[in-house]
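Trainee: Sequence:
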Amino acid sequence: MSVAVETGTWQLDPARSTVGVQHKTMWGLVTVKGTFTGLSGEGEVGADGSATGSITLDAASLDTKNAKRDAHLRAADFFDADRHPELTFVVRSATPGSDGTVQVAGQLSVRGISRPQSFTARLAEVSADAVTLTAEFTVDREQFGMGWNQLGMMSGRTAVTASLRFARTTS
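Using full-length UniProt numbering, you'd call the opening residue of the sequence shown number 1 and step up by one each time.
Read the hints as simulated data drawn from the structure, not as lab findings. Please note that a few of the clues may not be correct.
[Claimed, not checked] Calculated lysine to aspartate or glutamate pairs in the EDC-like style (CA-CA distance at most 16 Å, straight line):
hint : residue 1 : residue 2
1    : Lys33     : Glu136
2    : Lys33     : Asp70
3    : Lys24     : Glu142
4    : Lys33     : Asp63
5    : Lys68     : Asp80
6    : Lys24     : Asp140
All values derive from a computational prediction rather than experimental measurement.
Go ahead and model the full structure; you've got the sequences and the hints to work with.
Mentor: In structure tokens:
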């Protein structure tokens with residue numbers, strides 16, 4: 001059963017959206033979790049149901065509930081937020097499936113480095129005026145120049161979890 005999303009322009013509702021990250025550290029013994037509190041985005045759904053758009057995260061808004069760690073994550077070893085204040089994901093294509101999934105392909109840009117990123121999202125809520133997409137995927141932080149790894153204690157990929165609610169804009 002295909003779920004149709006209304007054509008037109010959609011705006012991200014930052015108060016009802018979340019983007020979180022998780023990464024294993026301390027040689028896999030500890031999982032660090034954080035949430036980006038500053039996010040914005042928009043999208044457009046075409047007559048064929050496909051979509052394009054972008055999501056922007058404020059690099060300095062990452063909150064892991066540890067001020068010292070957050071300051072380090074914002075520094076040059078990681079996000080380098082002073083020089084690269086935003087992380088962006090530009091959706092090149094978002095194609096709905098027949099089972100409530102959406103195949104998303106785009107470009108993720110972090111620290112001035114862009115890489116292709118694809119994943120499967122799920123339509124969690126669809127109405128005439130609101131759409132909520134959820135997705136989970138992994139990112140190799142080293143591909144974005146974040147190779148800091150003191151004593152080899154950080155390994156593996158970073159898990160990204162997103163719940164993005166969009167409201168239809170009236171034209």
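Trainee: Now look at each hint and say whether the structure bears it out.
Mentor: Here is how each hint holds up against the structure:
1. Lys33 with Glu136: Holds, at about 14 Å.
2. Lys33 with Asp70: holds (11 Å)
3. Lys24 with Glu142: Holds, because 14 Å separates the two Cα atoms, which is no more than 16 Å.
4. Lys33 with Asp63: holds (8 Å)
5. Lys68 with Asp80: With Cα atoms ~15 Å apart, Lys68 and Asp80 stay inside 16 Å; holds.
6. Lys24 with Asp140: holds (12 Å)
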